[in-house]
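Keeping their order, the protein sequence lines are chains A, B and C.
Residue 57 is where the first sequence starts when you use this note's numbering, and the numbers rise one by one after that.
Residue 2 is where the second sequence starts when you use this note's numbering, and the numbers rise one by one after that.
Residue 19 is where the third sequence starts when you use this note's numbering, and the numbers rise one by one after that.
What the hints contain is simulated information worked out from the structure, not anything from laboratory work.
Just so you know, these numbers come straight off a predicted model, no measurement behind them.
Think of the CB as a built atom: it goes at the ideal place given N, C-alpha and C, for glycine as much as any other residue.
Distance condition first, Cα-Cα at most 30 Å in a straight line; then the derived DSSO-like pairs of lysine-lysine:
#, chain 1, residue 1, chain 2, residue 2
1, A, 146, C, 239
2, A, 254, C, 239
3, C, 258, A, 182
4, A, 182, C, 239
5, C, 258, A, 146
Pulled from the structure, derived: some chain A residues nowhere near chain C, Cβ distances all over 10 Å:
#, residue
6, 89
7, 99
8, 100
9, 193
10, 194
11, 201
12, 214
13, 256
14, 261
15, 297
16, 299
17, 325
18, 351
19, 357
20, 360
21, 376
Below, each chain spelled out in residue letters.
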Amino acid sequence: MKPLLELRHIRIELPTRRGTLLAVDDVSFTIGEGEVLGVVGESGAGKSITAAAIIGLLEPPLRLTGGEILLEGARIDNLPPEAFRRIRGKQIGAIFQDPLTSLNPLYTIGRQLVETIRTHLPLTDKQAAARAIELLQEVGIPGASERFNAYPHQFSGGMRQRVVIALALAANPRLIVADEPTTALDVSTQAQIIGLLKRLCREHGTAVMLVTHDMGVIAETADRVAVMYAGRVAEIGPVRQVVKQPQHPYTVGLMGSIPSIGEDLERLPQIDGAMPRLGSTPRGCAFNPRCPKVMERCRVDRPDLLPAGATEAACWLHAPEVVHG
Amino acid sequence: MAVDVKQAVARPGLVRRLWDTDLAYSFRNSPVAVVSAIVTLVLILGALFAPWVAPHDPFDLSSLSLTDAGDPPQWIDGGSPDFPLGTDEQGRDILSAILFGSRISLGVGLFSTLFALALGVTAGLIAGWRGGVTDAFIMRIADVQLSFPSILVALLIDGIVRSSLSHDQQDKIAMFVLIGSIGLSGWVQFARLVRGSTLVERNKEYVQAARVIGVHPIRIVVTHVLPNVLTPVLVVATIYFAFAIITEATLSFLGVGVPPTEPSLGTLIQVGNGYLFSGEWWITVFPAVTLAALVLSVNLLGDWVRDALNPRLQ
Amino acid sequence: MIVFLLRRLLQSLAVMLAVALIAFTLFRFVGDPINGMVGQDATQAEREALRQSLGLNDSVIVQFARFVGRTAHGEFGLSYQLARPVNQIILEKMPATLELSLVAGCIALVVGLALGVFTGLRPRAVASRILLAASLVGVSLPTFLIGILLILVFAVWLRWLPSYGRGTTEQFGWWTTGLLSIDGWRSLIMPAFTLALYPMTLIIRLVRAEMLEVLRTDYIKFARARGLTNRAVNFGHALKNTLVPVITITGVQVGSIIAFAVITETVFQWPGMGLMFIQAVSYADIPVMSAYLVLVALFFVIISLVVDLLYYLVDPRLRMQRGGGGHGR
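Generate coordinates for the entire structure from the input sequences, incorporating the hints supplied.
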């Protein structure tokens with residue numbers, strides 16, 4: 057089955073006064089139709105930048121300097137800006153972190169919805185308005201027809217994020233890239249929004265790339281998960297496997313540091329050290345200075361994603377020789 | 002990696018350290034900043050050392066001779082190297098007049114800036130520290146004044162003083178009146194800035210602790226609030242310096258600035274204005290170019306300082 | 019909304035009263051009004067009589083009240099220098115200044131906004147960089163210098179435009195206009211441009227800076243992510259959000275044109291209120307000075323009110339009593 061979205065060896069650079077830094081280094085993964093892929097990692101691991109590249113909104117001076125992005129088998133990374141614009145919203149939608157700043161404070165949400173709808177679908181004002189109200193009802197805004205003429209600042213945080221979701225789904229895209237959609241919300245609202253997103257995407261058959269640093273959300277929502285570290289993919293696989301039986305020492309550390317109710321711990325286990333900053337990535341495997349299972353090879357050669365049971369991990373522990381010998 | 006202990010321990014000299022700071026780095030790499038700094042420096046030095054650098058003394062009436070009057074600059078027919086930039090209708094050397102004029106312009110600019118700064122910072126500190134009615138009162142005055150362009154305010158003050166005094170008295174204190182009026186028209190910006198910072202610092206815990214202990218408020222204000230405000234005040238001061246120079250030039254041009262016995266660049270320009278049509282353009286143009294160069298380079302330098310000190314752009 | 023309006027009106031009234039107080043103080047206490055009006059040979063008795071008839075012996079409060087009353091009716095007394103009623107002088111000169119200020123204001127607004135938006139949308143274009151450098155020059159150079167420069171180039175060297183006066187004017191009742199003749203326009207161009215330059219460059223820099231900031235916001239990013247056309251994003255969203263905070267400062271700048279006219283009118287010998295004011299200052303003609311002060315203050319206050327009203331109408335967040343979320347950044 058052909059994947060909906062495919063990233064092949066993506067490389068994103070950041071030229072600075074003191075030299076060129078590598079923000080995303082040879083990242084590859086796929087997202088199938090209707091699938092929810094979680095992308096997890098610490099701040100600075102390159103998740104948001106990858107997401108930005110997929111929707112074609114990489115902010116200069118960041119540049120995509122290598123690899124390909126394919127949507128339904130066709131390359132989109134090399135499209136001229138106007139052609140990419142037509143894809144945005146129609147085929148690929150996006151949701152960002154802060155719902156307050158995502159909406160233009162000077163326009164009513166109705167107007168913003170109608171504008172988006174009419175950009176992609178050949179509807180009249182009236183038809184678009186009707187569809188907008190439908191969307192608002194779908195995302196669970198009470199009194200949708202009255203709220204149509206309200207301004208963003210008249211909504212609460214959770215309601216605003218619902219409006220944002222409505223806007224993203226307005227033209228029925230095949231894929232939604234969600235960059236930390238719940239981080240700015242309180243815990244109970246988070247659960248609601250995640251539930252809404254999950255339900256809607258299932259109903260419309262929309263795939264989701266869910267970028268977050270919150271493993272709990274991933275565990276609840278995603279089908280597969282990719283763990284990113286220092287601009288690379290450390291591990292990728294079905295969510296159950298990655299969470300229950302992580303194969304990459306970094307993932308192991310991540311899972312171990314999540315406390316669970318009922319556990320009796322004196323200290324949260326930590327991974328020693330910190331993720332390397334851009335430009336100071338160590339040679340070989342990026343994780344080697346902190347890895348409890350480090351080998352000589354790790355300091356020299358960078359591992360590709362190797363099959364490790366039900367998942368894939370970029371770790372020499374799973375090199376065929378090591379596994380069998 | 003082997004480390005030379007002695008090298009690591011010995012501190013590089015002060016100059017070396019200053020040279021390596023971020024500020025110095027961005028300065029070195031910005032041709033605009035360097036050029037404008039050089040221009041400003043040259044003009045300031047020229048003005049400062051005018052009595053020694055100028056080839057003639059434009060104020061010594063006895064040295065003027067009408068045979069020299071109306072000479073063009075030396076590269077045009079009729080000019081002479083004695084008067085490199087030409088002479089005016091009274092035989093005064095333009096170059097010397099410019100040097101001395103710059104002195105006045107810079108002097109008035111500097112002192113009025115300092116005055117505005119002193120007044121504004123004090124007012125801001127008081128308003129911010131005392132709060133309540135004092136604060137409201139000072140800020141109301143500031144608001145009303147702010148709704149008028151400063152040139153009007155300066156003109157007004159100048160006009161009032163003028164009408165209260167006789168002509169002789171006027172000339173004697175005209176300089177002070179000028180500095181005072183320009184300064185008075187500009188204190189507001191400093192006051193607002195400082196008031197804001199003072200309010201912020203006042204509510205901090207260490208300040209409240211100091212008050213409880215009984216440290217004198219003036220001491221608290223001077224040792225704690227003042228240092229925090231210095232950078233933004235400096236930025237505003239550089240902006241205001243250029244503005245003060247322009248205001249003085251404008252007022253002198255309009256005839257209500259410096260007394261005619263001590264012409265500034267503005268006065269020179271005004272005098273020369275009358276001779277434009279008779280073809281003696283140099284009487285106006287050279288002072289004008291000097292003024293423009295001065296203000297432009299001060300502004301550019303100020304722009305660069307602002308950008309360099311702006312934490313958001315780092 | 020009514021509450022807002024009332025509050026602003028009261029504020030404006032307070033400002034006008036403050037200005038009236040200053041004008042009154044000028045009038046009453048600076049110099050001796052009697053001296054200004056009466057010859058040197060007048061006897062003490064005559065001066066005393068004049069004093070009494072002018073009501074100068076009444077209490078200060080009464081005098082102030084009378085002053086306010088008269089001013090509100092447009093009576094500003096007699097000019098010391100010209101011995102004519104001040105309001106007559108003002109009526110003569112006002113059209114010149116108003117026309118000049120209006121044209122200059124339009125130039126500053128239209129050109130300033132257009133160029134500001136352009137340099138904001140394309141900050142890296144060569145034209146933008148040149149404009150930005152030029153605008154720095156525009157902000158740095160004193161107005162009178164620019165005027166002189168223009169006169170030098172266009173009147174002295176090229177002889178295309180006249181260097182002083184209004185040219186041919188036509189009279190309509192008490193209004194004189196120079197806008198109806200080519201000659202009038204030829205005289206108007208240089209002073210109008212000179213007057214417009216400073217506010218225009220300020221507007222360019224302001225609009226550009228604001229536009230750049232707005233283009234970096236999340237809602238613009240989200241608008242792009244929704245696939246809205248460049249036009250919709252730049253002009254529908256970015257422009258509107260740029261203009262709103264810019265209204266206040268722009269309005270004040272355009273309003274201050276009338277005050278800066280003082281300089282321009284002097285350079286170009288434009289027979290307006292500004293020139294009148296300068297002459298009044300050098301002759302210590304208090305009645306004219308204080309009349310000008312009151313008029314300019316009134317003008318400012320009106321502009322400030324209009325601007326505040328505009329702002330209120332345009333930004334929906336201000337219309338709610340309890341403002342909701344903060345600025346969308």
